[in-house]
Structures are given as C-alpha cells and as structure tokens.
Amino acid sequence: MSKRMSIPEAASLINDGDMITFSGFTIWRRPMALVYELIRQRKQNLHLVEVNSGTHGDMLIGAGCVKVWESCWIGQELFGKLGGNLDRKLREGSILVEDYSHYQMLLRMMAGAQGVPYLPTWASRGTDILNPDYDMLAKAGLRDGSNPKIPRHKFAIVEDQFYEEGTLIHVPAVRPNVCIAHVQQVGEDGTVRVWGQKFADEEAIKAADKVIVIAEEVVPEEYLRREPERNLIPPYLVDVIVEQPWGAHPTGNFGCHEVDGPFMRDFYNKTRTQEGFDAWADEWVFGVPDYEAYLEKLGFNRLQKLRANSAYKYNDSAKRGTR
Amino acid sequence: MSKRMSIPEAASLINDGDMITFSGFTIWRRPMALVYELIRQRKQNLHLVEVNSGTHGDMLIGAGCVKVWESCWIGQELFGKLGGNLDRKLREGSILVEDYSHYQMLLRMMAGAQGVPYLPTWASRGTDILNPDYDMLAKAGLRDGSNPKIPRHKFAIVEDQFYEEGTLIHVPAVRPNVCIAHVQQVGEDGTVRVWGQKFADEEAIKAADKVIVIAEEVVPEEYLRREPERNLIPPYLVDVIVEQPWGAHPTGNFGCHEVDGPFMRDFYNKTRTQEGFDAWADEWVFGVPDYEAYLEKLGFNRLQKLRANSAYKYNDSAKRGTR
Amino acid sequence: MDKNYAKPGEYKVNDLLAVAAAREVRDGEVVFAGTGLPMLAILLAQKTCAPHAYCVYEAGTIDGRSVHLPASVGDARCAYQAAVASGLFDVFGQLQRGKVDLAYLGGAEIDKYGNVNTTVIGDYAHPQVRFPGSGGNPDINSMARRTVFMMVQEKRRFREQVDYLTSPGWRVKKWPGGEWVSRQEAFGKMFRGGPSAVITNMAVFRFDESTGLMYLDTVHPGHTVEDVRNNVSFDLDVSRVKGETEPPTHEELHLLYHVVDAEGIFLP
Amino acid sequence: MDKNYAKPGEYKVNDLLAVAAAREVRDGEVVFAGTGLPMLAILLAQKTCAPHAYCVYEAGTIDGRSVHLPASVGDARCAYQAAVASGLFDVFGQLQRGKVDLAYLGGAEIDKYGNVNTTVIGDYAHPQVRFPGSGGNPDINSMARRTVFMMVQEKRRFREQVDYLTSPGWRVKKWPGGEWVSRQEAFGKMFRGGPSAVITNMAVFRFDESTGLMYLDTVHPGHTVEDVRNNVSFDLDVSRVKGETEPPTHEELHLLYHVVDAEGIFLP
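Chains as they are written, first to last, in my numbering: chain W, 1 to 323; chain L, 1001 to 1323; chain X, 2001 to 2268; chain F, 3001 to 3268.
No lab work stands behind these hints: they were computed from the structure.
There's no promise every hint is true.
No farther apart than 25 angstroms at their CA atoms in a straight line, the calculated lysine-lysine pairs in the BS3-like style are these [as the list claims (entries may be wrong)]:
{"no.": "1", "chain 1": "F", "residue 1": "LYS3099", "chain 2": "L", "residue 2": "LYS1210"}
{"no.": "2", "chain 1": "L", "residue 1": "LYS1081", "chain 2": "X", "residue 2": "LYS2012"}
{"no.": "3", "chain 1": "X", "residue 1": "LYS2173", "chain 2": "X", "residue 2": "LYS2155"}
{"no.": "4", "chain 1": "W", "residue 1": "LYS210", "chain 2": "X", "residue 2": "LYS2099"}
{"no.": "5", "chain 1": "W", "residue 1": "LYS210", "chain 2": "W", "residue 2": "LYS67"}
Remember, predicted model here, so these are calculated numbers, not experimental data.
Construct the entire structure; sequences and hints are all you get.
Put into structure tokens, the structure is as follows:
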C-alpha cells in the first residue's frame, strides 16, 4: 500500500473549501510544486491558516483560490515588500483576512498539534489584534459553530488563578484539513527528515487531518532510521508522498538551493494588478503542463546556479548584493 | 568568565529549601554525581518537582534531603519495583507527596519553560489525581501564595469556549530554582547536545531559573555547531558546566553506558529500612570523599563491562537475562 | 492456516498473557507499550497478526526496530532503527491529538468498572503501601482509543472499589464535584473509547460499555469460571463467557523465546 | 580609546542607523533581530561593543556565526555555526519565558506612545494599503525587556494615533474593554520593559516611562531639532535633547562594509 503519488494526484485530494496549511517560513521551503498545481486545478474557496505566509500564499490569493486567510504576515521579503495580491484582493473586498500575531498563530497550530482546543499566551497584549471590532470571521457570521473548523471566538481573555500574574490570551486551535509540506527527505514509509531550521513544520504537520509530503528525495527508511534523533515525523502521520526535486522553487531550501530572487521580484512586480497576475499565471502556471515543464522552462543553468554548496548548505558563489 | 566548576562547587550553589528538577527518565541519564554530593553536603528541605523520578529521587528522599516531592512515578524499574525510601517516608509521614499524572507533570514543566502560568490538557480526567481532598500542598497550608514557587491551586477545571469540547484541566507551571542535568556533550560556552531520546530535558532545563549541566565530555563549541540541528540548548541558558565522565552511574546513558542493574537492586534491597539506608550511604556516599573515589571503588572492570557499543549505542554483550 | 496450539504444560502463564495481548492489536495500529509484558505483546504482534503496527514508547521513541529487547521504555535499545527519537512532549502530544489506537497498561488493583489503582494501598494520606504512582497510566487510559490491562488475578486486586482511582475505567469521578458518572458523560465530545480488555493469569475480561461493568470473556485453559469468580471480590458477570482463551501456538512460543525475548529478560 | 569619527558625507544614513542601533546592545545580552538593518546592528555590535551578545532569529536559529550575511531570518546562512537550529516554538518560547533582553523592530507608522502599525493604512476593513502584517513584532515587543525601533522619519509616519495598533508601546488598549491604559497597568506583573529607542534617519527618540510619551534624545549630525519637529505630526517633547547622535567611527564603517555586509546586500 504505497503512499507515493504524482503532484496532480496529490493536488486532487484537496477539496474546494478545505482549510490548508503549509511547511516553511516566508520564502523558504514552501511546497510550490503543489501550489502551482492547485492553481492549475482551479481550487476554490480555500481557507488558508498559516503561521506565516509568503510567495506561495500570495500566489494562491492572486489566482482566486482563497476565500479566507488567517495568518500574521505575507510578502516576498527582499524581493517585494507586500503580499501584492492580498493587498489588492483585500482592498477589493474579495477576501476575508483574520490577523493574529506570529507567536499566536504558532500556538494556534501547536494547540491543534497537541489536541487541545486552545493555548494561553502573554503575546501581543494591548494591541488591535485583540480588538473585537476587527474579528472579521465573526463579522462575516462564520463563528456560529456551523463550520467545525472555525472556533466560536477569535480569542478569550482569561485571568491566571495559579500565580495571579494577570490576564492571559487564549488562542484557539487550528486543525487544517490538509498540511502540504516540502522537505528534504522522506522515507518510503513516510518518516520525515527536515534539514536546518524546522520553522513551524512539526506543528503544521501534526495539526492537520491529512498530510501530503513532497520531498527532494525519497530515501530508504533504514537510512533515515540510523539517526532517529534527526527525524521529525513518523510514517503514520504522513498520508501521501511525492518525490519532486526542486519542488520548492522559487522559494529557498536549506542544503538544496537558494531563493530565486529575480523570479520572485518579477512575480511581485508583474502581479500588482489582476491583469498582470493573469498574464503571469498564463506564462508560468497554465502555460506549462506540469512541474517538470516548469523546471525545463527555467532551464538547467538557472537552477544550477542556485544550488547549495554542501558544506555551507547554501549557495556561496552567486552574486547577491552590489559588491 | 568560565562556567566550569567542580561537582562540590556546583552542589554548593543549591540552597536548602530549593525547588529542584533533573534530566533523564526513570533510571536513565540522571545527574547522579551531583545527587551523591547533595547528600554528602547534607542539603535539607529540598522541594523536588519531577516529570518522573527514579533512583536519584529515592536516594535523596532516603537521605532526608527532601521535604516535598511532586511527580508521578518513582521506582527502580526492573531492579526494584517501588521507591522504597519514598514508601517508608510517606508511611512515616515525614514527606509531602503531590501526585500528578505523567503528561500533566510534563505540561507543568512545559508551562514553566514557555513562561505561562498554566497549560490545558484532557489528560487523566475522571481520576483521584483531581480529587481536591488529595491536594496535599493545600492541606499543608502551602498554597497561600507566600511561597512564589507554589501555585495557589493544584488544578483548575475549565470549560472550552472555542469548540465546546467540554471541560479541560489546567495544570500550573513549575519554575524550579535549579535544574541539574547530565548530558553526553556540552560546549565550552554551554551549548548542550543530548544523544538519543531527549525525555523531558528541554522542558526541565528551560523551566528552571538556574541550570547546572554535568557532561560526559566538554567539547569545542565549533564541533557542536557544525550540526546545530542536533543541539538542544544554547549557551546562555546554562549557568554551570561540570565535566564528569560516568556521572550518571548507576543509571544508564545512551551511547555511553548501561544501567548498573545489580548496583541498583542492591540499593533497593538494602534501603527498605532507614538503618539499611544509612548503612548503604555510609558505604557509597559518606564512605568516599568524592565521585572519583566512588568510580574507583566500583572499579575499572565493572564499569568497562557496562560501556556502550558505539554502533548500537548500548552494551550488547553483557548478560541481561537467563539465556 | 491450521494453528498448531500448545497444550497446557507446554507454556507458562506469562506466555499466554503475552500472546493474548498481542492478539488485541489490529494491523496498522499505533500502539503505546510499557516495560515488560506489554513490550513482548507488541513485538510479538508485529511478527504475527499486525506486521504494520507502530510501537510508541512513553520516553520518546517511535516505531523502533530493536534487535535486543529493551528492559525499559527509556532504554537506548528502544531507539534502534526508530523512525523518531524525540521526547515525552512529542509522544504524549500525539496521544492527546488522538493518534494512539491501543495501549497496554498494568495496575495493582482494578474495580468492576475498570478503574485502576497504581498509587497507594490504604488511606491516601497515610498509606499501607506506596506504589510507584500513576506514571502515564491515566494519561494513556484517558486518551487512547482502546487500552488493554495486564494484571495478576487475585481477590484483593479485583475489588468493588479501588483505594485510589489512578486510571479511569468506564464509570469515573466527574470533577470538580466528584460525582460518579459514566466515562462517556465525563469525557463528553472527547470520549474516544476506553479499557477494552483485562488479561490476567486466569482469564480475559471485557466491558459492557453501556453499564460500564466488567464481564468474563474467556477463561484460560486449565482454569474454570468458578476459579475466576473466587479470585474476584465483586459480583462478576459470567453470563457472556465465550469459552476458553485461545492458547499460544508453537510458532508464537518460538517467536517469544527465540526472537522477541531471546535473552530471557521477561520470560526466564 | 580615542574614537576616530567619520564626518557627515563620509557615511550614509543607513550606516548611522546601524551603528546607533548596535550601540544599544549591552555585552552578554540575548538579542532578537529581524531581516535588514537589525541584522547589521547585532552583527556590528558583536564585533564592537558586545562581543558576547547572542543573536536569535525568529525562524529558529540561535547564536549563529554567519560567514555570509543572511538575507532573511529564514535563510540557511543563519544556521551556520549556530548553537541551536530549531524552530519558532523554541525561540518564541524563550521570548515568553523572559530570556530576550533586546529586540530590533520596525514599523510603517508610530504614535507618540511608541505604538506601531505594520498592518494597514486606512480603515481596517477597507484599507488603502495592506502591509505584510504583524509578524512577530507585537510578540517580541510585548515580551522582550527592551525594543529598539528603526524607522523612516516622515510626518505621516510619526502620528498622533496609528490607524491600527499592531505592536504595543507605552500606552495601550486594555482588552476586553479596549480602554487606553499605561503599558505597566495593561501588563501588570508581566511587565518587563518596552520600547527604549526609536532610531530614524534623522534622530534618536526615547520614552518617558511614567507618561509613556516619546521624547527627542539626540539629533543626527546634519539635522536640527526643527527638522525633526517638522517631520513629526504630534507635539514632540524636545526638552531633553542631549545633543548630536554619536556618528559612526571609521572602524565601524569598515566593519559594516567589509565584514558584516561585504556583499553589499543591505548597504549597497
């Protein structure tokens, strides 16, 4: 009973309206191969809940796949300071945005991962993040309990009884339908190894009901199990395995390849209007039949120049600045 | 400003009445060298708060160092099924015991590590662990807020407002004065690497106000930093470093040495009475000036036969069973 | 496949316990196991009825493929060829998240509702004996889908009511009030199941989930219903006895003595 | 040691920002830094006034010794020779535990109490511009002991009140009611400090912790108090001006351009 699938097969498991989360951090190790395919399959009404977002999220939003976005940050880092598509859709009123802080989003995911309905925190007291006037899911009538994935409250403010330290914030758990993760290595049965920073991958994977893992390479379980301390996730938490080298492009991947900054900047610059987005997508998403064709379009030498040095774990030779 | 100290110097940092926690799990990777020295220095009124206990805890209790013990388990595993000293002291009424479940103790430590006064859980509903008649610190008048380390309540029972999933248990944070940890490797500045299972070490170290790390070996920081994913704790969370090979004996240590079962069984059998304990301590604690003398008394060949095979990470040749 | 059963006298009581417990595992399940007989049971199950079962140890190893039997869940042997070696926060978190299908547990005393005591005999504040304590027993037993208890059959251990309710059965105390209610009522939406079998040296017991009461399911070869009744101090429901417990096969005994516990640690 | 200061014209405004921010670090401190100028500041501090400071990046690396400047806190370069490479739960947990002494932050708008907006311009539900969002700004700013903001000095950015209070200053909203109270009152026992400096292209500002109000501390060489006042849209307290901001030294500039950002990523 192999868990192996192709990118299109894996994408077909995601239903319109699903709550989705992702591996990675801002513009690092995002499951782009599957993100492109979700756009190609024209998914609708997705509910993204992310510890933080980035190029992948802004792309799904630009493509009109997203109805609700709950997170704390979106942008392209050095390569485009806004989530240009989110900015446009929000100004148009065609997307619902619910703001939490970064740590609050992490704790929401951790609560999901740990099977409790909420976690307490001191983070972000005093801010408009807690302003009930800005509870956009409530204003949209989505906190009535009819959707079991949407909690009845954005927050609760609760007094500490144990040490009398004051009022804490309870943030509700997130339990996405699907987590889509891009990682460096997965075993044939599903043991996951992530190199470098783990970001919030463990929490995102454990919080989700279904887990799709796209890996640079599928390796023998026995190999990963020689050092079980280095592995993040056991096989039974992984439902689908896809082998897709370079599957995180244009985002970066520790030990594998650099961020493709020019690609990202081009995306940002061209997609500030919907017409621009559509033209960009016609070229890079709908204009190629699949991810292999996308990589071929990028070309060998462009990718080769992004490859990580195996000692440094990043590319140390490409020109990045002005000197 | 070196953090290096001797075992006696490190032990002298612990004050009578301090709340203490430890690295390890049952009879694995306990900081025994320092535990022996605490007994030798005749510490009094210690308040042990442990995710789980074992030989080290029962030894401190037998020596009369402990006033309060909060945990979920004590024993010597296969080598003595009870915490014989705890059993005796509790029957005598000379120790206060507060029972939580294992996961509750872990969450208490995690709450301390994460800087929140409590965490919620579904664990152990329906049991006498939640029985207010069995809140022994309250019965002893210790939950009046006068000791800032002791929470005002053993538990709180709280309704979930977000998903209406029912009543959760809030368990209070633990913030020990000191965590004493035995690990395999520490860098000169304090970066900690633990091999194999981490148990609850990360939580115990992060929850404590002061951290004493005893290591099999002190190694160059640069060496540990070649693979930062494998390290558990950064230097600034470590206050004191002691190099003490075999410092976990008679408990076992992944990658280093086996549990010394016969030693442990002998301890268990001989210390079921106070007279027995005192005689045992006269031989193994007060009868040797320091840990080096203790190891010398055990002898080279006894220790050598416990040494781990470097591929297996445990000793694969000593006779363990009847075949 | 014809089963080549061993006859009474060809196996010891612990062999039967391990075999009966192993048969509770369904293939592909995630199983929490403790030290001793539970380890034998899950390791045997992986070699017989449930080759794709995953074994999780409380100290923080997942799906180890030990080549030498661990003598404790903290043992370095647990990590050998494991999928993950982490710590308690990982494995207990997965348990709370609902990822554990089955767990093996033990106890000093049990009552007719499956409530177990591993804490004290006698008055809690002034006990006659202090046991090791709860460990993860109540955590696992309140959050796994099914639990199997392995116990010694004695009248004083099978009681109308236990001295201290360490681990929750099918009728429990609801706090803060402490009133006795069904497990289903106490756990509400977070009810996932509960104790599904108690396996002793004499018999296998199961539970009526609506009344919460323990009943006799099968009696081990060499014992009678009457023997069992005489070793239980409450009024045991024997109306549903299905017959004899299936004895170990020679194949299972071979695996136990020559593969699972080849060193003779738990099966001397 | 005599300091060999650079003259106006020998350095750019970002050089001064990085240098001024670096000087806020005390040796041995644990510092949270974000992408860009904050990275330059902590890396410069480690090479000058605070050789034993520890740098923590939000994505999960601690005390890296990068040989190539990271272009993002998620960058693989952050992990080079780090003490620990873990994830957000580790580093935010340490922050909440009170282990972070100082953090560098930024913002699009700031008010006279140091409240910062990085979320929207205009009405929250129908904004004129949507910024990237809070990120960790409010987490760090509510739980670190001191924070230093690095911002662009413009009248429209230094406002009487920000459009959205993303990150808490010295007078904040207390929920659930939303009344304005002092930070000390809002945070109670968990008050640990707060914004200690705002460094812009024109000046350094600090806060009166009792009134919560921002005041002008020093003015950068080449600017006047009047210049600063003209680029602030609230009534700025200039009564405590200490004089000119200490300019960069040639040594600091050398480190910035030839060691810290040798590739010219943030300092072209």
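Here is how each hint holds up against the structure:
Only pairs whose Cα atoms come within 25 angstroms are accepted, and LYS3099 of chain F paired with LYS1210 of chain L is accepted, the gap being roughly 12 angstroms. Pair hint LYS1081 of chain L plus LYS2012 of chain X holds up; C-alpha atoms about 22 angstroms apart against a cutoff of 25 angstroms. Of the supplied pair hints, the one linking LYS2173 of chain X and LYS2155 of chain X holds, its CA atoms being roughly 24 angstroms apart against a limit of 25 angstroms. Under the criterion of a C-alpha separation no larger than 25 angstroms, the hint pairing LYS210 of chain W with LYS2099 of chain X is consistent with the structure, at around 12 angstroms.
With a CA separation close to 20 angstroms, the supplied pair LYS210 of chain W and LYS67 of chain W stays within the 25 angstroms bound.
Taken one by one, the earlier hints all hold for this structure without exception.
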